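Protein chains in written order, with the working numbering: chain A, 1 to 251; chain B, 1 to 294; chain C, 1 to 388.
Hints are computed from structural coordinates only; laboratory data are not their basis.
Quick caveat, the model's predicted, so the values are computed rather than measured.
Be aware that a few hints might be false.
DSS-like mimics (lysine-lysine), calculated; alpha carbons at most 27 Å apart, straight line [as the list claims (entries may be wrong)]:
#1 A:65 - B:223
#2 B:121 - A:28
#3 B:203 - B:33
#4 C:17 - A:70
#5 A:30 - A:251
#6 B:223 - B:284
#7 A:110 - B:166
#8 C:291 - A:30
#9 A:251 - A:199
#10 C:17 - B:273
#11 C:331 - A:28
#12 A:110 - A:2
#13 A:200 - C:291
#14 A:251 - B:203
#15 A:251 - A:65
Partial list, computed: chain C residues near chain B (C-beta under 7 Å) [to be verified]:
#16 264
#17 268
#18 269
Interface residues of chain B toward chain C, partial, derived using beta-carbon atoms under 8 Å [as the list claims (entries may be wrong)]:
#19 266
#20 268
#21 270
Where is the CB? At the ideal position from N, CA and C, for every residue including glycine.
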Amino acid sequence: MKIVVAVKVVPDDQDIFVSADRTLDYSKAKPKISEYDKNALEAAAQFAAENAGSSVIAISAVPSKNDDTKAKQNILALGVDELFMATDDALETADSYATAQVLKGIVDSKVPDYDVIICGDGSADLYAGQVNIQLAAALGVPTINEVTSMKAEGDKLVVERTLDTEVEEIEVPLPAVVSVSPDIATPRIAGMRDILAAKKKPQTVEAAAAPVDVKVSVEDIKAPELAPRKNQIFEEGDIDAFVAAVAEALK
Amino acid sequence: MKALVLAETTDGQRDLCAGARSIADEVVLAVVKGAPVAGIADKAYDIELPAGEPVENAAAGVKAVYDAENPDVVLVEPTPRDKILAGLLAASLGTSVISDVTAIDGDVVTNMYFGGLAENKQKANGAKIYTIAATCFDDAEPTGTDVVETIAYTAPEKPLVLRGTKEVPQTGADLTKVDVVVGAGRGFAEESELQMARDLCTKVGGELGCSRPLAENVNWLPKNLYIGVSGLQLAPKAYIALGISGQMQHMVGVTGADTIIAVNKDANAPIFKQADYGIVGDIKTVVPALIEKL
Amino acid sequence: MDFSFTEDQELMIDSLKEFAAQYFTDEAVKEMYEVHHGVPDEVQDAYRDLGFAFMGLPEEVGGIPATCVDLGILTETLYRATGCMTPFMTGMLAAYDVAEFGSPEQIQLIVDHYEKSGRSFAAMCLSEPGAGSDNMGMTTVTKKQDDGTFILKGQKTWVTNGAAVPYLVVIAKDEDPSRENKNMSLWLIPSDTPGVSTAGLTKLGQQTVPFVDVFFDDVVLTEENRLGEAGQGWLLLMKNFEFERCLVVAQGLGLAEAALDDAIDYALDRIAFGKPIADNPRVQDLITESKRTILYTRMMLYLCLWMLDQGMSCNAEVAMLKSESTKTCLKVADNAIEIFGGLGYTEEVRVGRIWKDLRGNALAGGTCEVMDYIAGRAIVNKYRARKK
Numbered sequence: 001m002k003i004v005v006a007v008k009v010v011p012d013d014q015d016i017f018v019s020a021d022r023t024l025d026y027s028k029a030k031p032k033i034s035e036y037d038k039n040a041l042e043a044a045a046q047f048a049a050e051n052a053g054s055s056v057i058a059i060s061a062v063p064s065k066n067d068d069t070k071a072k073q074n075i076l077a078l079g080v081d082e083l084f085m086a087t088d089d090a091l092e093t094a095d096s097y098a099t100a101q102v103l104k105g106i107v108d109s110k111v112p113d114y115d116v117i118i119c120g121d122g123s124a125d126l127y128a129g130q131v132n133i134q135l136a137a138a139l140g141v142p143t144i145n146e147v148t149s150m151k152a153e154g155d156k157l158v159v160e161r162t163l164d165t166e167v168e169e170i171e172v173p174l175p176a177v178v179s180v181s182p183d184i185a186t187p188r189i190a191g192m193r194d195i196l197a198a199k200k201k202p203q204t205v206e207a208a209a210a211p212v213d214v215k216v217s218v219e220d221i222k223a224p225e226l227a228p229r230k231n232q233i234f235e236e237g238d239i240d241a242f243v244a245a246v247a248e249a250l251k
Numbered sequence: 001m002k003a004l005v006l007a008e009t010t011d012g013q014r015d016l017c018a019g020a021r022s023i024a025d026e027v028v029l030a031v032v033k034g035a036p037v038a039g040i041a042d043k044a045y046d047i048e049l050p051a052g053e054p055v056e057n058a059a060a061g062v063k064a065v066y067d068a069e070n071p072d073v074v075l076v077e078p079t080p081r082d083k084i085l086a087g088l089l090a091a092s093l094g095t096s097v098i099s100d101v102t103a104i105d106g107d108v109v110t111n112m113y114f115g116g117l118a119e120n121k122q123k124a125n126g127a128k129i130y131t132i133a134a135t136c137f138d139d140a141e142p143t144g145t146d147v148v149e150t151i152a153y154t155a156p157e158k159p160l161v162l163r164g165t166k167e168v169p170q171t172g173a174d175l176t177k178v179d180v181v182v183g184a185g186r187g188f189a190e191e192s193e194l195q196m197a198r199d200l201c202t203k204v205g206g207e208l209g210c211s212r213p214l215a216e217n218v219n220w221l222p223k224n225l226y227i228g229v230s231g232l233q234l235a236p237k238a239y240i241a242l243g244i245s246g247q248m249q250h251m252v253g254v255t256g257a258d259t260i261i262a263v264n265k266d267a268n269a270p271i272f273k274q275a276d277y278g279i280v281g282d283i284k285t286v287v288p289a290l291i292e293k294l
Numbered sequence: 001m002d003f004s005f006t007e008d009q010e011l012m013i014d015s016l017k018e019f020a021a022q023y024f025t026d027e028a029v030k031e032m033y034e035v036h037h038g039v040p041d042e043v044q045d046a047y048r049d050l051g052f053a054f055m056g057l058p059e060e061v062g063g064i065p066a067t068c069v070d071l072g073i074l075t076e077t078l079y080r081a082t083g084c085m086t087p088f089m090t091g092m093l094a095a096y097d098v099a100e101f102g103s104p105e106q107i108q109l110i111v112d113h114y115e116k117s118g119r120s121f122a123a124m125c126l127s128e129p130g131a132g133s134d135n136m137g138m139t140t141v142t143k144k145q146d147d148g149t150f151i152l153k154g155q156k157t158w159v160t161n162g163a164a165v166p167y168l169v170v171i172a173k174d175e176d177p178s179r180e181n182k183n184m185s186l187w188l189i190p191s192d193t194p195g196v197s198t199a200g201l202t203k204l205g206q207q208t209v210p211f212v213d214v215f216f217d218d219v220v221l222t223e224e225n226r227l228g229e230a231g232q233g234w235l236l237l238m239k240n241f242e243f244e245r246c247l248v249v250a251q252g253l254g255l256a257e258a259a260l261d262d263a264i265d266y267a268l269d270r271i272a273f274g275k276p277i278a279d280n281p282r283v284q285d286l287i288t289e290s291k292r293t294i295l296y297t298r299m300m301l302y303l304c305l306w307m308l309d310q311g312m313s314c315n316a317e318v319a320m321l322k323s324e325s326t327k328t329c330l331k332v333a334d335n336a337i338e339i340f341g342g343l344g345y346t347e348e349v350r351v352g353r354i355w356k357d358l359r360g361n362a363l364a365g366g367t368c369e370v371m372d373y374i375a376g377r378a379i380v381n382k383y384r385a386r387k388k
């Protein structure tokens, strides 16, 4: 199996702060693997382990500021054999169509013989859950989302897809693009041998092959103005006053 | 202005058609699998799906409706299945879906960035296809006719095969429909402590929900009770947050609440800045006191 | 001069934090201190599987290349992230000694052990009831028999990990226990050898690390048990004292950081007189003093480790550092208790536990007084040498 996993590198949201003008200040936020893409990486690594002779190729489309040595080494320390990254500054807020076109460019030129492409549930920044669909459409292959388990059966993938009210067992003809629920696998902790071996694994970073073709223009990104609240905060000793306030509110 | 609504559940159909009516003078409804609800749109499309086929295989039918109607905007219920149908429609039109829209202002729509840390105001250059929760529209009654047109099934080139389904046992209420929601967060150290949150629900006639870690990391509560970005978006009369720090990713799910009440032992927890009433204290002492005294 | 971490170090730190978050929750740590009196095998196996146990060991035992600075950062991060004492650091030091001085057969024992278990491989038996830093006073002795075997007799004490490991590294005098005899040898002895027995010691803190007396009652050894060259035992051991002291400092630094992290976090939450106590100047004095200790200790620690990596001795430097920082880091935990107030004196929070643990670090690897003596002698000797 040639398993491709799509990974986004984003600024660490723990360290994104809101400036006085409500714009976001990324100056302290170091690039890291987007949270739920770690579950996708783990799903890919486990799927490779279950299918002897498999390889795992990570692909990533990011603005050049997120082309980060540590983040790339981290990706390669989590069960990935090779990394291809395409950079373009327009990718920072690019829509799912535009991002998928860049990923398709990587797939077509670097891993045209892939069997399955695994995407995470959504990225930490946009959380659209759409890139897998757009990438599948661009490549002309089927797609499914909310996958909680998968196994290979010949030229098909059999997935368990978990929705709020039912679980579907679905056969997906390969090649295909699937997006996995975070429940599919708990990300591993990178071991020291993996961390050191990651430095020796092949990685290729290139500018995106074609100009990023954005279909949705970003007008403004700002922290929301919080709805005005009463902000009456009581100390534990004032429990009676608090209870009275709650009782009034619940009337 | 013409809006096309693509929805899966009957509630979703009704609510989105009502919402669509507030921004469009013509509302068209498209439904895959199951007959469209009557009387909520000016026209409805029943996109055929042969028995045993997965919903995603009906993408061509959705495109056929779009081509027939050429709507100004497409509003999609944000279910995993309809997200795929919307995405495939967008891809076929050479554009993107804008996901989980929270506000529509003409051509400019808002959704969340970094889990609600910021709002992303954006504009689709081509076709406008949004997934959107019904809570984003003011309450309204849908109106319409009983006109239904059927779109015949066209199988995709590489169809998915549905081998079978099993039901997920439903635990917990439909939180979108209750007046008082009690939310449990990481302040609960052990699963057994959730009982006091349930007791509080009984006392105030509310239902229990939670923040993402409780549904995902420890699996104490089912995922359909998780409130926040990519989870439930609620607008109850009152939201009681127990041991919830108030991270944006969670709070975006309850910004529509009339009143927010918070219990947290950390005086600096961001929840207090977003609460109407709060108490700095341990849930283990405050919650039993609340139950006793309310 | 470069003060930044490498990517390898940053990723190691991330993994250590994830390891700590997964296995060292408050409840788990409480259980380790109060119920297990040790770290569960599952956690020790995970530590091995993530490769931390192999850091710095030679490649022939499956070791992972690491500098002394790397190992210092590993230790500091582990103790900060877990906020508790663990057997890993002491276990690592004992494994180094065997890997460095051992025969190929003895080194293979390390490999065989780690295949089976993530527990530490060996414990170091050095101190005796009548001889701690005064090592020439030790009386444990081996006597050669006519058949070529050796009989080991004596008692060791303060043996960290002593009851939980498969091997003991023992230093004993050759033939004659008298003070005048300076010939000592190292021995690697399976813990289950007949005549070897242990008795647990209860401690003020550090309950996660078993601490025992070890008794050797006519234990029969062969030449195969010998570790390194005969008569050279003390010289061999001394080679790693500087590094050991660095790691004791790194442990204490990590624990002090954990205490300060908790205290500042609490000071920001705790409201008194209408504002967080963190805004109170007297509380800020405690915080500043603590943070200063942490910064000074860290800079000096990294300097000592860097010197070792350059092949330099840091004998005087680390002696001064250990003497000073084990006291000041203890004061950091003390300040943390002060910031928590009455709560700090309860077992509801961990700063008191850290305070008890840190008191032991002032004694481990040599008391402050012995450290001062070592440093004083080295500094004076250096100046005296220049006068000639």
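Which numbered hints turn out to be false for this structure?
Hints 1, 3, 5, 7, 9, 10, 11, 13, 15, 16 and 21 contradicted; others consistent.
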